[in-house]
Amino acid sequence: MAAIIEVKDLVKVFDGKIRAVDGVSFEVEEGEIFGFLGPNGAGKSTTINMLVTLHRPTSGTAKVLGLDVVKEANKVRQGIGLVPQDLTVDDDLSGRENMVLQADLYNVDRKDASARIEELLRLVNLEDAADRLVKTYSGGMRKRLELAEGLIHRPRLLFLDEPTLGLDIQTRATMWEHIRRLKKEHNMTVFMTTHYLEEADSLCDRIGIIDRGRIMALDTPVTLKRSLGGDVLQMSIDDGKDFMPVIQQVPGVVEVKREGSEYRVKVLKGDTAMPTVLKAIIEAGGNVSSVSLQRPNMDQVFLEYTGRSLRDAEQTQSGDRGERFARARAAERRR
Numbered sequence: 004m005a006a007i008i009e010v011k012d013l014v015k016v017f018d019g020k021i022r023a024v025d026g027v028s029f030e031v032e033e034g035e036i037f038g039f040l041g042p043n044g045a046g047k048s049t050t051i052n053m054l055v056t057l058h059r060p061t062s063g064t065a066k067v068l069g070l071d072v073v074k075e076a077n078k079v080r081q082g083i084g085l086v087p088q089d090l091t092v093d094d095d096l097s098g099r100e101n102m103v104l105q106a107d108l109y110n111v112d113r114k115d116a117s118a119r120i121e122e123l124l125r126l127v128n129l130e131d132a133a134d135r136l137v138k139t140y141s142g143g144m145r146k147r148l149e150l151a152e153g154l155i156h157r158p159r160l161l162f163l164d165e166p167t168l169g170l171d172i173q174t175r176a177t178m179w180e181h182i183r184r185l186k187k188e189h190n191m192t193v194f195m196t197t198h199y200l201e202e203a204d205s206l207c208d209r210i211g212i213i214d215r216g217r218i219m220a221l222d223t224p225v226t227l228k229r230s231l232g233g234d235v236l237q238m239s240i241d242d243g244k245d246f247m248p249v250i251q252q253v254p255g256v257v258e259v260k261r262e263g264s265e266y267r268v269k270v271l272k273g274d275t276a277m278p279t280v281l282k283a284i285i286e287a288g289g290n291v292s293s294v295s296l297q298r299p300n301m302d303q304v305f306l307e308y309t310g311r312s313l314r315d316a317e318q319t320q321s322g323d324r325g326e327r328f329a330r331a332r333a334a335e336r337r338r
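In this text, residue positions in the sequence shown follow the numbering used here: the first is 4, and each later residue adds one.
If you are wondering where the hints come from, they were derived from the structure by calculation, not from laboratory data. It should be emphasised that the depicted structure is a prediction, and the values quoted were computed from it without experimental measurement. Some clues are possibly wrong.
To be verified - Heads up, simulated DMTMM-like pairs for lysine to aspartate or glutamate below, C-alpha to C-alpha not over 20 Å straight-line:
no.: 1; residue 1: K66; residue 2: E30
no.: 2; residue 1: K78; residue 2: E100
no.: 3; residue 1: K186; residue 2: E33
no.: 4; residue 1: K228; residue 2: D274
no.: 5; residue 1: K78; residue 2: E33
no.: 6; residue 1: K282; residue 2: E265
no.: 7; residue 1: K282; residue 2: D245
no.: 8; residue 1: K282; residue 2: D222
no.: 9; residue 1: K78; residue 2: E9
no.: 10; residue 1: K187; residue 2: E33
no.: 11; residue 1: K186; residue 2: E35
no.: 12; residue 1: K244; residue 2: E201
no.: 13; residue 1: K66; residue 2: E33
no.: 14; residue 1: K186; residue 2: E201
no.: 15; residue 1: K11; residue 2: D95
no.: 16; residue 1: K114; residue 2: D89
no.: 17; residue 1: K11; residue 2: D25
no.: 18; residue 1: K187; residue 2: D89
no.: 19; residue 1: K186; residue 2: E32
no.: 20; residue 1: K114; residue 2: E100
no.: 21; residue 1: K186; residue 2: D89
no.: 22; residue 1: K66; residue 2: D89
no.: 23; residue 1: K138; residue 2: D95
no.: 24; residue 1: K138; residue 2: E75
no.: 25; residue 1: K138; residue 2: D93
no.: 26; residue 1: K228; residue 2: E201
no.: 27; residue 1: K187; residue 2: E286
no.: 28; residue 1: K138; residue 2: D171
no.: 29; residue 1: K187; residue 2: D242
no.: 30; residue 1: K74; residue 2: E35
no.: 31; residue 1: K282; residue 2: D302
no.: 32; residue 1: K260; residue 2: D242
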């Protein structure tokens with residue numbers, strides 16, 4: 004398959020000091036769902052905004068649909084769809100009127116637009132609410148309308164920036180189903196950002212894990228989980244002594260990491276290794292206050308490649324630094 008997105012050494016620096024994206028390189032194949040997984044502040048939104056021509060890269064290159072995002076920005080915009088993180092629909096228009104406006108902006112013929120609008124409203128289950136003002140819509144309905152708007156000109160490539168952020172579980176599941184249908188029925192390429200682990204795992208053909216502006220890993224969800232090489236024992240040992248040498252001697256232990264009293268032990272087979280590891284620690288004078296067996300999952304993958312869990316990363320990063328700065332500057336200019 005041909006690459007529909009080609010990114011090489013892409014960098015974005017805001018105000019000469021905030022390095023939001025730090026030399027990322029990757030390709031997205033036509034027809035795949037490609038996901039950027041990472042916490043707020045990792046550089047996901049800044050990357051997507053460079054690819055859709057909303058931000059100019061500081062350095063590096065990016066091609067979308069074979070077009071340079073800097074030199075051929077207008078052509079890029081006409082060939083892609085975008086569902087942004089922030090809601091942009093007009094509250095004072097109806098759902099249908101929002102769709103007509105979007106069609107006009109993309110120069111879609113009025114006759115074609117009418118049929119497409121009906122089709123898309125059915126796709127996102129909004130046909131019964133099409134003529135209501137958007138101000139009466141729930142958050143989930145607005146997100147679905149945004150998705151429909153991004154499809155009105157039938158783009159080959161759709162960008163989704165945190166498409167289910169803030170939605171309840173049921174509405175998120177509905178959005179996932181819409182995204183799967185787009186790929187299955189239209190062979191559409193989808194580039195999405197998310198910090199929901201299960202979303203990336205279940206939806207994406209390939210995932211790029213991004214943290215602090217850099218890609219830490221990139222592969223299929225299955226391969227990323229297999230790369231862990233086994234199960235993980237997460238333990239707390241109430242003793243100031245270092246039990247790493249003791250644990251490392253246990254058969255089946257692949258790797259041991261320690262942070263204070265917390266131990267992360269990678270083992271080949273968790274069910275058989277756990278009793279042996281616990282016995283060795285107890286015999287060495289340790290008191291294990293808690294232990295859990297964790298099978299390979301995306302949270303473990305994120306921890307493996309970034310050195311911290313996604314939850315911990317979320318707590319230490321309160322939003323894409325570059326995006327926060329850009330929004331603050333934009334707000335100042337509007338005053």
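Structure-based check of each hint:
1. K66 <-> E30: holds (9 Å)
2. K78 <-> E100: Roughly 26 Å separates the two Cα atoms, so the pair is violated.
3. K186 <-> E33: holds (10 Å)
4. K228 <-> D274: Between K228 and D274 the Cα gap is close to 18 Å, so the pair holds against 20 Å.
5. K78 <-> E33: holds (18 Å)
6. K282 <-> E265: holds (17 Å)
7. K282 <-> D245: holds (16 Å)
8. K282 <-> D222: With Cα atoms ~37 Å apart, K282 and D222 exceed 20 Å; violated.
9. K78 <-> E9: Holds: K78 and E9 sit about 16 Å apart, inside 20 Å.
10. K187 <-> E33: holds (13 Å)
11. K186 <-> E35: holds (8 Å)
12. K244 <-> E201: violated (37 Å)
13. K66 <-> E33: Measuring from Cα to Cα gives roughly 13 Å; hence the hint holds.
14. K186 <-> E201: Given that 20 Å is the threshold and the Cα spacing comes to 18 Å, the pair holds.
15. K11 <-> D95: violated (42 Å)
16. K114 <-> D89: Violated: K114 and D89 sit about 30 Å apart, past 20 Å.
17. K11 <-> D25: Satisfied, since the Cα-Cα distance of roughly 11 Å is no more than 20 Å.
18. K187 <-> D89: Roughly 27 Å between the alpha carbons, so the hint for K187 and D89 is violated.
19. K186 <-> E32: holds (13 Å)
20. K114 <-> E100: Satisfied, since the Cα-Cα distance of roughly 15 Å is no more than 20 Å.
21. K186 <-> D89: Between K186 and D89 the Cα gap is close to 23 Å, so the pair fails against 20 Å, i.e. violated.
22. K66 <-> D89: Violated, at roughly 25 Å.
23. K138 <-> D95: holds (6 Å)
24. K138 <-> E75: Status violated; Cα separation ~36 Å.
25. K138 <-> D93: Within the cut-off at roughly 8 Å; holds.
26. K228 <-> E201: Holds, at roughly 13 Å.
27. K187 <-> E286: violated (56 Å)
28. K138 <-> D171: Holds, because 19 Å separates the two Cα atoms, which is no more than 20 Å.
29. K187 <-> D242: Measuring from Cα to Cα gives roughly 54 Å; hence the hint is violated.
30. K74 <-> E35: Roughly 26 Å between the alpha carbons, so the hint for K74 and E35 is violated.
31. K282 <-> D302: violated (28 Å)
32. K260 <-> D242: Answer holds: K260 to D242 is near 16 Å, not above 20 Å.
Of the numbered hints listed earlier, those contradicted by the structure are 2, 8, 12, 15, 16, 18, 21, 22, 24, 27, 29, 30 and 31.
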